[in-house]
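Q: If you want the building blocks of each chain, they are given just below.
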Amino acid sequence: MIEHDIIVVGAGLAGLRAAIEAKNKGADVAVLSKLHPVRSHSDQAQGGINAALGVDDGWEKHAFDTVKGSDYLADQDAVEVMCRDAPRAIIELEHWGALFSRTEEGRIAQRPFGGAGYPRTCYAADKTGHVLQHTMFEQTQKNGVKIYEEWFATSLIVEDNVCKGITALEIITGQVQALKAKAVILATGGAGQVYGRTTNSLSTTGDGLAMAYRAGVPLEDMEFVQFHPTTLFESNILVSEGARGEGGYLINTKGERFMERYAPDRMELAPRDIVTRAVETEIQEGRGFPGGYVHLDLRHLGEEKINERLPTIRELATYFAGVDPVKEPIPIQWAQHYTMGGIPTDTDGVTTVKGLYAAGECACVSVHGANRLGGNSLLDTIVFGRRAGAKAAEYVKDMTSGSFPDKALREEENRIEHMLSVKEGEKSSIIKEALGETMVKNLGVFRNKQRLETAKQDLQRLRERFENVCVHDPSRKFNTSLIEALEIGFGLDLAEVTIAGALARRESRGAHYRVDYPKRDDKKWLKHTLATRTTKGPKLSYRSVTITKWQPSERGY
Amino acid sequence: MKSQEITFRVLRFSPETDKKPHYDTFKVEVKGRMTVLDALENIKHEQDASLSFRRSCRSGICGSCAMKINDLTKLACKTRAAVEASKHGEVLVEPMSNMPLIRDLIVDMGEFWREVDRGKPWLIVDEKQAADLTKENLLTKEQLQISSKLADCIMCGACFSDCVSRVFDKNFNGPASLAKIHRFVADPRDKGGVGRIEGLVTIGLWSCTHCYFCWSQCPRDVRPVVAISALRALSFDIGDKSQGARHVAAFIDSVRSSGMLNEATLYLRTMRWNTLRDFDLILRMTVKGKAPSPFGRPIPKITEVRALYRLAHEVKQK
Numbered sequence: 010m011i012e013h014d015i016i017v018v019g020a021g022l023a024g025l026r027a028a029i030e031a032k033n034k035g036a037d038v039a040v041l042s043k044l045h046p047v048r049s050h051s052d053q054a055q056g057g058i059n060a061a062l063g064v065d066d067g068w069e070k071h072a073f074d075t076v077k078g079s080d081y082l083a084d085q086d087a088v089e090v091m092c093r094d095a096p097r098a099i100i101e102l103e104h105w106g107a108l109f110s111r112t113e114e115g116r117i118a119q120r121p122f123g124g125a126g127y128p129r130t131c132y133a134a135d136k137t138g139h140v141l142q143h144t145m146f147e148q149t150q151k152n153g154v155k156i157y158e159e160w161f162a163t164s165l166i167v168e169d170n171v172c173k174g175i176t177a178l179e180i181i182t183g184q185v186q187a188l189k190a191k192a193v194i195l196a197t198g199g200a201g202q203v204y205g206r207t208t209n210s211l212s213t214t215g216d217g218l219a220m221a222y223r224a225g226v227p228l229e230d231m232e233f234v235q236f237h238p239t240t241l242f243e244s245n246i247l248v249s250e251g252a253r254g255e256g257g258y259l260i261n262t263k264g265e266r267f268m269e270r271y272a273p274d275r276m277e278l279a280p281r282d283i284v285t286r287a288v289e290t291e292i293q294e295g296r297g298f299p300g301g302y303v304h305l306d307l308r309h310l311g312e313e314k315i316n317e318r319l320p321t322i323r324e325l326a327t328y329f330a331g332v333d334p335v336k337e338p339i340p341i342q343w344a345q346h347y348t349m350g351g352i353p354t355d356t357d358g359v360t361t362v363k364g365l366y367a368a369g370e371c372a373c374v375s376v377h378g379a380n381r382l383g384g385n386s387l388l389d390t391i392v393f394g395r396r397a398g399a400k401a402a403e404y405v406k407d408m409t410s411g412s413f414p415d416k417a418l419r420e421e422e423n424r425i426e427h428m429l430s431v432k433e434g435e436k437s438s439i440i441k442e443a444l445g446e447t448m449v450k451n452l453g454v455f456r457n458k459q460r461l462e463t464a465k466q467d468l469q470r471l472r473e474r475f476e477n478v479c480v481h482d483p484s485r486k487f488n489t490s491l492i493e494a495l496e497i498g499f500g501l502d503l504a505e506v507t508i509a510g511a512l513a514r515r516e517s518r519g520a521h522y523r524v525d526y527p528k529r530d531d532k533k534w535l536k537h538t539l540a541t542r543t544t545k546g547p548k549l550s551y552r553s554v555t556i557t558k559w560q561p562s563e564r565g566y
Numbered sequence: 197m198k199s200q201e202i203t204f205r206v207l208r209f210s211p212e213t214d215k216k217p218h219y220d221t222f223k224v225e226v227k228g229r230m231t232v233l234d235a236l237e238n239i240k241h242e243q244d245a246s247l248s249f250r251r252s253c254r255s256g257i258c259g260s261c262a263m264k265i266n267d268l269t270k271l272a273c274k275t276r277a278a279v280e281a282s283k284h285g286e287v288l289v290e291p292m293s294n295m296p297l298i299r300d301l302i303v304d305m306g307e308f309w310r311e312v313d314r315g316k317p318w319l320i321v322d323e324k325q326a327a328d329l330t331k332e333n334l335l336t337k338e339q340l341q342i343s344s345k346l347a348d349c350i351m352c353g354a355c356f357s358d359c360v361s362r363v364f365d366k367n368f369n370g371p372a373s374l375a376k377i378h379r380f381v382a383d384p385r386d387k388g389g390v391g392r393i394e395g396l397v398t399i400g401l402w403s404c405t406h407c408y409f410c411w412s413q414c415p416r417d418v419r420p421v422v423a424i425s426a427l428r429a430l431s432f433d434i435g436d437k438s439q440g441a442r443h444v445a446a447f448i449d450s451v452r453s454s455g456m457l458n459e460a461t462l463y464l465r466t467m468r469w470n471t472l473r474d475f476d477l478i479l480r481m482t483v484k485g486k487a488p489s490p491f492g493r494p495i496p497k498i499t500e501v502r503a504l505y506r507l508a509h510e511v512k513q514k
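Protein chains in written order, with this note's numbering: chain A, 10 to 566; chain B, 197 to 514.
Don't read these hints as lab results, they were simulated from the structure.
Wrong hints could be hidden among the right ones.
Stated by the list, open to error - Covered, in the sense of this in silico footprint (three residues per stretch, anywhere, with C-beta under 8 Å from a C-beta of chain A), are these stretches of chain B: (1) 207-214; (2) 235-246; (3) 311-323.
Unchecked claim - The calculated lysine to aspartate or glutamate pairs, modelled on DMTMM-like cross-linking and capped at a C-alpha distance of 20 Å, are: (4) A:Lys336 / A:Glu312; (5) B:Lys345 / A:Glu313; (6) A:Lys151 / B:Asp328; (7) B:Lys331 / A:Glu476; (8) A:Lys465 / A:Glu476; (9) A:Lys363 / A:Asp407; (10) B:Lys345 / A:Asp407; (11) B:Lys227 / A:Glu442; (12) B:Lys324 / A:Glu312.
All C-beta atoms, glycine included, are put in the ideal place defined by N, C-alpha and C.
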């Protein structure tokens with residue numbers, strides 16, 4: 010049986026950062042990922058990473074912007090930890106070789122971003138995630154971190170509320186293996202693929218979230234799903250907020266900069282929830298272009314600036330939409346972008362299960378609350394990844410190796426054996442498509458009771474259909490159909506939690522907008538949702554929000 | 197939206213049931229800007245679920261879906277099916293070369309990564325200095341220009357797959373590995389110094405034949421061949437006397453002294469005593485009058501050639 014002190018599941022920025030920290034603290038740590046680390050979704054982040062580096066800026070301002078952006082649902086102690094640590098974290102990355110864009114004076118350059126009162130988003134052109142992910146991977150190599158690449162984690166093993174390890178499918182052989190560990194750090198990212206319209210990679214399927222949920226860990230605030238206002242029409246490939254940070258305009262069919270009606274002060278640089286609702290409102294009220302999109306106009310920035318600051322956007326728009334932003338406005342629409350909810354943790358990644366930690370998008374600390382600010386997700390990964398790694402290393406120190414229940418491995422083997430043996434049935438891709446459709450239609454930007462009930466019923470039927478899912482490929486080695494089916498199984502669980510949370514929350518806050526309850530209701534709903542798995546579906550409970558310095562007030566931009 | 201039926205001929209190999217690969221043909225209704233990856237997803241989900249390939253971001257940045265499309269390695273997500281079909285009549289899809297096949301379009305990239313690892317692919321720093329996290333290094337855009345360009349590499353393996361030299365020379369670490377090394381060499385923060393350059397001869401610095409496939413096939417326009425040339429110049433400057441460096445020295449000297457390439461001296465100076473290995477061939481070429489003469493007179497306008505050399509030298513000094 011494979012055994013390590015710590016197993017990190019997921020090799021994006023949070024996972025690798027956690028592994029580096031744990032390794033440097035002397036722990037025997039291994040990272041397990043269904044992809045090669047550099048293929049991780051962190052690589053796709055574009056616009057930047059926030060830190061109060063400027064002389065007139067300060068962590069308090071950053072924290073306030075974050076709290077206000079979150080529509081006051083973020084836990085303020087956690088926000089403080091993140092914003093205080095941001096400058097150190099950025100300089101550490103710079104010292105590791107990250108190639109940030111620079112000012113004329115040679116300092117790390119910063120650009121304005123949505124919901125931020127100061128230009129504090131550090132960036133590497135519009136490929137910040139790529140630059141950071143490769144830098145982080147270089148550091149794992151330098152530090153000799155063991156990596157199980159192309160291993161798919163299938164379940165989390167928890168006994169008497171103590172984490173014992175995981176089971177995983179070694180993709181190349183198709184064998185299910187037990188990986189015993191004193192501590193497990195989940196860093197598997199968000200669940201974007203639950204939606205049919207998402208900027209997330211095809212691998213961003215929320216595996217860790219669902220594994221934790223199935224192991225009895227509650228999921229927090231899953232109804233808060235970020236929709237990005239600017240993604241390429243139809244392909245939904247991300248067009249960075251950096252495009253607006255550099256001065257891009259949002260324009261409707263009448264040629265108006267319509268943000269004037271929704272956020273007269275901040276205009277295009279209001280937080281994402283507000284801009285997304287504005288874009289969707291324009292389209293629904295008939296001021297969108299046929300098919301359902303508006304324009305993101307960058308032409309006035311000029312070719313030189315576009316080439317220097319937004320080269321990827323130019324390339325992606327040209328290639329995937331057939332539009333050169335230097336000459337034409339980009340057709341954009343909203344798409345799912347980020348999972349604000351996740352596995353509840355404290356500021357050290359500690360969960361409700363002993364020996365289980367979580368960091369990055371799969372965790373809910375909560376620093377993003379009801380709406381994440383652009384540039385805060387990369388920051389979240391490196392700050393809380395490091396803290397989770399350190400805490401886990403401390404936990405496993407001087408600890409003797411526990412037992413791993415053989416039964417758990419046999420159960421997983423049987424489950425996968427069964428999935429492979431089904432001879433006839435529905436393809437998982439059809440179920441995925443149906444799930445994606447209902448989520449976009451009923452759990453998108455504007456929600457109401459009736460839509461949410463429809464989604465709930467749809468989901469029930471999809472669950473029944475999934476019982477009979479057929480992989481249509483009985484082979485063991487590199488069976489990507491099997492993996493897709495396992496991923497959709499996870500996705501159905503997560504969709505169910507999202508729907509339950511959204512139905513219950515009768516208010517509008519941040520990204521969760523109920524047309525039937527259009528106001529924020531702090532009296533009843535200034536609290537975090539916790540969904541626990543039961544045989545009858547998710548059971549909801551609530552936890553209060555930590556408020557330290559900033560009392561909730563009306564949110565205007 | 198315009199739509200047309202396109203034929204995809206796809207290499208198939210199952211390690212569990214096949215002794216050798218074969219090809220399957222699929223017809224796909226291709227609309228508008230549909231990519232080869234979209235078509236493969238369509239085949240997998242609607243025609244044959246067992247078709248296996250790697251993919252993730254679908255936007256040309258994660259580097260998962262490099263494969264051979266009509267004989268050249270490309271990212272499937274950045275290759276339009278209709279464009280390929282209009283050029284070639286069909287879309288032939290095969291796994292990358294220079295790496296062992298696992299299944300269908302999936303190859304074992306272990307070899308590629310091991311070659312990258314040979315170059316210490318991380319920033320070498322003064323650990324004490326790096327531990328001071330109070331301020332960043334001050335660096336201008338110009339100082340980071342070369343490294344930033346090279347850091348666009350997504351490690352997809354396309355250059356390695358299409359590398360002609362790698363086919364014959366398994367000691368050649370390949371274009372991506374050398375580009376990654378140059379990314380650090382060109383970074384003013386890197387403390388690797390000459391140590392980064394010294395060992396390059398043993399890992400294949402002179403194995404590249406400048407075929408430029410790594411430039412043309414790179415989906416991120418990284419241009420590894422340019423990095424390789426730059427590393428060679430640096431190696432040359434620190435006194436590299438290996439066979440590759442001697443070849444370059446002989447080339448430079450020959451043109452400077454005569455204005456022409458003297459193939460005999462080029463050969464002798466490059467191969468040195470190894471010339472004796474080919475003694476039999478040289479003898480036969482001499483008998484047939486095909487061996488180039490090591491002697492020759494400079495061309496009439498040799499002073500112009502030498503002026504060019506001086507100019508090049510001055511530019512380099514600057």
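Q: For each hint, tell me whether it holds in the structure or not.
A: Going down the list of hints, with the structure as the test:
Under the rule that three or more residues need a Cβ within less than 8 Å of chain A, the assignment of the segment 207-214 of chain B holds, with 4 such residues. Taking a C-beta to C-beta cut-off of 8 Å, the segment 235-246 of chain B contributes 4 residues in contact with chain A, enough for the three needed, and the coverage statement holds. Counting residues of the segment 311-323 of chain B whose CB falls under 8 Å from any CB of chain A gives 5; the rule of at least 3 is met. For the suggested pair lysine 336 of chain A and glutamate 312 of chain A, the alpha carbons sit about 9 Å apart, so the restraint of at most 20 Å is met.
About 17 Å separates the Cα atoms of lysine 345 of chain B and glutamate 313 of chain A, which keeps this hinted pair within 20 Å; it holds. Taking the CA atoms of lysine 151 of chain A and aspartate 328 of chain B, the gap is near 19 Å; set against the 20 Å cutoff, the hint holds. Of the pairs offered as hints, the one joining lysine 331 of chain B and glutamate 476 of chain A is violated, with about 56 Å between alpha carbons and a cut-off of 20 Å exceeded. For the given pair, lysine 465 of chain A sits about 17 Å from glutamate 476 of chain A by alpha-carbon distance, which is consistent with the 20 Å threshold.
Restraint check: the Cα-Cα separation between lysine 363 of chain A and aspartate 407 of chain A comes to about 15 Å, which is no more than 20 Å; the hinted pair holds. In summary, the hint linking lysine 345 of chain B to aspartate 407 of chain A is not supported, as the alpha carbons are separated by about 46 Å, beyond the 20 Å threshold. The straight-line distance between the Cα atoms of lysine 227 of chain B and glutamate 442 of chain A is roughly 19 Å, inside the 20 Å bound, and the hint therefore holds. Under the criterion of a C-alpha separation no larger than 20 Å, the hint pairing lysine 324 of chain B with glutamate 312 of chain A is inconsistent with the structure, at around 42 Å.
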